[in-house]
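Residue numbers (the working numbering), protein chains in the order written: chain X, 1 to 608; chain B, 1 to 250.
Straight-line Cα separation of at most 25 Å, BS3-like style, residue types lysine-lysine; simulated pairs:
hint, chain 1, residue 1, chain 2, residue 2
1, X, LYS304, B, LYS31
2, X, LYS468, B, LYS31
3, X, LYS432, X, LYS26
Listed next, with one range per pair, are the computed distances between beta-carbon atoms:
hint, chain 1, residue 1, chain 2, residue 2, range
4, B, GLY85, X, LEU320, 42 to 48 Å
5, B, GLU46, X, GLU186, 26 to 32 Å
6, X, VAL387, B, GLY85, 55 to 61 Å
7, X, ASP382, B, SER83, 53 to 59 Å
Source of the hints: derived by calculation from the structure; they are not laboratory data. For glycine and all other residues, C-beta sits at the position ideal for the given N, C-alpha and C.
Read off the chains here:
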Amino acid sequence: MQTHQFDAIIVGAGGAGLMAALYASKGGANVAVVSKLYPTRSHTGAALGGIGAALGNYEEDKPLWHAYDTVKGGDYLADQNAAKVLAENAVDAVIELEHMGLPFDRTPEGRISQRRFGGHTSNFGEKPVRRACHAADRTGHMILQTLYQQCIKNQVRFFDEFHVVDVIMNQGACVGVVALQLGTGEIHVFHGKATLFATGGWGRVWQITSNAHTLTGDGAAAVFRRGIPMQDMEFYQFHPTGLYGLGVLLTEGIRGEGGIILNRNGERFMEKYAPKIKDLASRDVVSRSIYLELRAGNGVGPNKDYVHLDIRPSTVNRYLAEAGETRRVDEAYVARVLAETLDVCRTYAGVDPLTEPMPIQPTAHYAMGGIPTNVDAEVVIDENWTVLPGMYAAGECACVSCHGANRLGTNSLVDLIVFGRRGGMKIAEYVKKADLIPLPPNPAGETEAEFKRLRASKGKTRPYEIRKQMQKVMMEGVGVFRDEKAMQNALNVVRELRERYRTDLTFDDRGYKYNTDALEAWELGCLLDLAEVTAVSALERKESRGGHSREDYKDRDDKNWLVHTLAYRKGSAVYQEGQTSIELNLKKKVDMSLAAEDPRFIPKERVY
Amino acid sequence: MEVTFRIRRYNPEEPGKNKPYWQEFTLKDVKETDRVLELLHRVKWEQDGTLGFRRSCSHGICGSDAMRINGRNALACKLLIRSCGPKVQVEPILGLPVLKDLIVDMEPFFAHYRSVMPFFVNNDPVPADGRERLQDAEEQQIINDTTNCILCACCTTSCPSFWANGEYVGPAAMVQAHRFIFDTRDQASQERIAVLAEPDGVWRCRTIFNCTPACPRGIEVTRAIGEVKLAIMRGTREGIINPKDIKVHG
Numbered sequence: 001m002q003t004h005q006f007d008a009i010i011v012g013a014g015g016a017g018l019m020a021a022l023y024a025s026k027g028g029a030n031v032a033v034v035s036k037l038y039p040t041r042s043h044t045g046a047a048l049g050g051i052g053a054a055l056g057n058y059e060e061d062k063p064l065w066h067a068y069d070t071v072k073g074g075d076y077l078a079d080q081n082a083a084k085v086l087a088e089n090a091v092d093a094v095i096e097l098e099h100m101g102l103p104f105d106r107t108p109e110g111r112i113s114q115r116r117f118g119g120h121t122s123n124f125g126e127k128p129v130r131r132a133c134h135a136a137d138r139t140g141h142m143i144l145q146t147l148y149q150q151c152i153k154n155q156v157r158f159f160d161e162f163h164v165v166d167v168i169m170n171q172g173a174c175v176g177v178v179a180l181q182l183g184t185g186e187i188h189v190f191h192g193k194a195t196l197f198a199t200g201g202w203g204r205v206w207q208i209t210s211n212a213h214t215l216t217g218d219g220a221a222a223v224f225r226r227g228i229p230m231q232d233m234e235f236y237q238f239h240p241t242g243l244y245g246l247g248v249l250l251t252e253g254i255r256g257e258g259g260i261i262l263n264r265n266g267e268r269f270m271e272k273y274a275p276k277i278k279d280l281a282s283r284d285v286v287s288r289s290i291y292l293e294l295r296a297g298n299g300v301g302p303n304k305d306y307v308h309l310d311i312r313p314s315t316v317n318r319y320l321a322e323a324g325e326t327r328r329v330d331e332a333y334v335a336r337v338l339a340e341t342l343d344v345c346r347t348y349a350g351v352d353p354l355t356e357p358m359p360i361q362p363t364a365h366y367a368m369g370g371i372p373t374n375v376d377a378e379v380v381i382d383e384n385w386t387v388l389p390g391m392y393a394a395g396e397c398a399c400v401s402c403h404g405a406n407r408l409g410t411n412s413l414v415d416l417i418v419f420g421r422r423g424g425m426k427i428a429e430y431v432k433k434a435d436l437i438p439l440p441p442n443p444a445g446e447t448e449a450e451f452k453r454l455r456a457s458k459g460k461t462r463p464y465e466i467r468k469q470m471q472k473v474m475m476e477g478v479g480v481f482r483d484e485k486a487m488q489n490a491l492n493v494v495r496e497l498r499e500r501y502r503t504d505l506t507f508d509d510r511g512y513k514y515n516t517d518a519l520e521a522w523e524l525g526c527l528l529d530l531a532e533v534t535a536v537s538a539l540e541r542k543e544s545r546g547g548h549s550r551e552d553y554k555d556r557d558d559k560n561w562l563v564h565t566l567a568y569r570k571g572s573a574v575y576q577e578g579q580t581s582i583e584l585n586l587k588k589k590v591d592m593s594l595a596a597e598d599p600r601f602i603p604k605e606r607v608y
Numbered sequence: 001m002e003v004t005f006r007i008r009r010y011n012p013e014e015p016g017k018n019k020p021y022w023q024e025f026t027l028k029d030v031k032e033t034d035r036v037l038e039l040l041h042r043v044k045w046e047q048d049g050t051l052g053f054r055r056s057c058s059h060g061i062c063g064s065d066a067m068r069i070n071g072r073n074a075l076a077c078k079l080l081i082r083s084c085g086p087k088v089q090v091e092p093i094l095g096l097p098v099l100k101d102l103i104v105d106m107e108p109f110f111a112h113y114r115s116v117m118p119f120f121v122n123n124d125p126v127p128a129d130g131r132e133r134l135q136d137a138e139e140q141q142i143i144n145d146t147t148n149c150i151l152c153a154c155c156t157t158s159c160p161s162f163w164a165n166g167e168y169v170g171p172a173a174m175v176q177a178h179r180f181i182f183d184t185r186d187q188a189s190q191e192r193i194a195v196l197a198e199p200d201g202v203w204r205c206r207t208i209f210n211c212t213p214a215c216p217r218g219i220e221v222t223r224a225i226g227e228v229k230l231a232i233m234r235g236t237r238e239g240i241i242n243p244k245d246i247k248v249h250g
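Chain B extracted, bound-state conformation:
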């Protein structure tokens, strides 16, 4: 089949192209199982090498190639052409400064990530036998969903609250916070709860639900944010998630 790509372009270095514009490319012999990423490569390799985009693993685990494809955020390597149709519109994810074509400045995103203390804290001495800390298999499942996050920014840049206010930490940072707040081994959940109780924390979430379908990892993002909200309201992580209610991926 033949597919037309309509791509949002911007090249700060080239006169005439240093304001955003649309450009169309036509590709022949496209299979419906081709990934959008493969076809962007074909555009770049066969037609216009100046096209800028990020990618690495090409199978949905590195999180480099988040884009807005036909109006929805997705990883270009995880979206097959059969779910896009013969016309594919590709633009950079929204809410972050565009640097060139589909490449955005990720630094504000990672700054929000760093703000929620996204690291394990446990100041107790490690077990005397030199072995692992014990954790119940059910307790471990509590964070199974949110540890899936690959920091691709699909959720955060699909969030109208984030578009309106870049100071809002955004869904991805809260997914990361959730992963630690509800880790029964972690001891810093109160500090994280305090960070997220600030005005630009969890309350800027208006439960719009854009983030959940945007997640290429199938994380129930809005639910995770809701659980963080509950932890803030109650002042504790205890009793919020029942391991029996946990969704099994697949």
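Bound-form chain X, shown alone:
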């Protein structure tokens, strides 16, 4: 076992982690970035269409409008102070990315180009606004590359392919993490004053997902196992436009550029469900609308189980003309601004979007919930916003909560940049005054024992069998539409699978070097823990709000449910040995600070 000491440890090297690392190191902290992937492999790179900021480069826009859209998009569960910070800081943060060299597309005046995106409007919902700043349709790729480049420039220290498996607590504070070096199988302890988790999401809990194979929620699970709550886990976003069958994401920017969703009759059905902004309604609304169309038998294909997304210039121009707009597109324009989309559809579906509509279905995409934090990325552990010293989280694994019950498109990238930066700054400040708390005795003992146990597994079930069953039952039971019975069934199955994972697992590779077999088994344990807490949280919330849509409680219930769900793991054992249970706390009220000043922020019916 090796021990390393740094002021600050950043776990994960996507947008949030790199931004935090950059700012912590610029602030004078000695920083290590520990990531199970090479940084440029992080899933920030898969983000496509844009990053929202009220730059107003084409038309008037204001951060307050962005905050309003975020709160409304989140179905009023977003903490309004966080939405305000997100929208206000977005402007500076995006400008700063440009100053770091990010190759944004340009307006005719040479400014950053912006496109429309779902749920983003001007003047409190009046009409769609061009707010998403874009670099073709590979904006996330360019953010990831640019931040990695800047980290190299600033000589940030990277530990690539180090898989963090546990968080170390001592004297009521976080003092570091335990990591497994993939190349050697060796255990490393990273000891520091501040640790920031930026480990991304856990889309692999579900069967159809836009998420990478590696998005298995390891960071969130490690934190959860050490008694830190998970907040709002029932709110998981299904993106409406996943490529049929595979779930690979097709950007909302397609609709931002004028693309239309159509059913088997060629009907633009979003006109029925969101008369005002139609195809550009919030993602939860569009995903539900697609499901309703499929249920009504209006799906395309032999099994009527998908719909069409159409970006053919002839279609786009027809609807633009119908809407009285002067803008028109042609093939060369679509090919340039949606290059990734064309490539993905041609490669995987054999469909050329310039001549045919694309087959789509909703795909598990984004966790609104996660490790609770305040607006400075400090982890908070109860309804009183009590800060846990030394522990920070940012990006998808965190829940600030600026996204509430449903995240708006582009706001994930905004979240990474804004809260990654704030976290990095806060850490730089914190490590200057904080003392280094010593490591507890034998800090990696439990991890080593668990790996030893896993390596010695002699059961009959292979990890992928358990994973497949979990993904299927979560898709059916805790997906776009939910009810008590299906959720309870999902929970029961997940619990059985956890038990089988503990008692009946087997895998082939018993070695140490690049043992990806053992790694996948470990990741499965994380997924199972997060699937369980998701189902438990979802069962408890007896209303429909944003991404949590219940057929047995169809209405939003602001009287009882303007609260965040905090789920705590109880039980003596950190890993899956012995009994654990989940305890819920429903006392954390949603921040309504904008509503206190401006009645437009008071929760009301959400129509698009």
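Starting from the known structure of chain X, fit chain B onto it as the hints suggest.
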């Protein structure tokens, strides 16, 4: 259909397997739209969990799963079985030390990447209005192609010059250098040109063109290298790329 995978194996830890060898796996019920990556997963999950390879996003943007498939470099997640046929030979990309099965040591590759100053440099104060630096839309298009790079190493490890001499910075590092050299906002193009004018820089490129078809992002790699060569010859980036000539992806 039935597909046979012939995979180059190596496990430094296991006696008998610690020298490279070939192993065959047969998979049934393969669809022609299956990706090579999915089938490697099937081998790993259903038949032999010890098989080592890297992957993440599975749709061609993270750059983890570069491999040599039927003799050509590709991302396993971007290659469908219908373009491979019923026999698929998979081996690690060449020119980098093999660590286990299909996993190679990427550090030499990233060291070359870091050597070309792959980061934006502009020491002028930012605009006084606190806003973005202005850039012409046409000027921005000059680097559209090379900013596509995902650092997968398909190009560099398809290059015979790199196979022969690992000190050569290789195509990927030059694509990255190109992205900054020709960025009209950047101020360090002269330093990068100096790095690439060294013996292990751009002149080790013999215009073999392996790199261009190897790129899973469709970047015109050889052309980018040629433009860097021109910049070195002329001592300036000015006037080399005409925005009107730029290829539009798709």
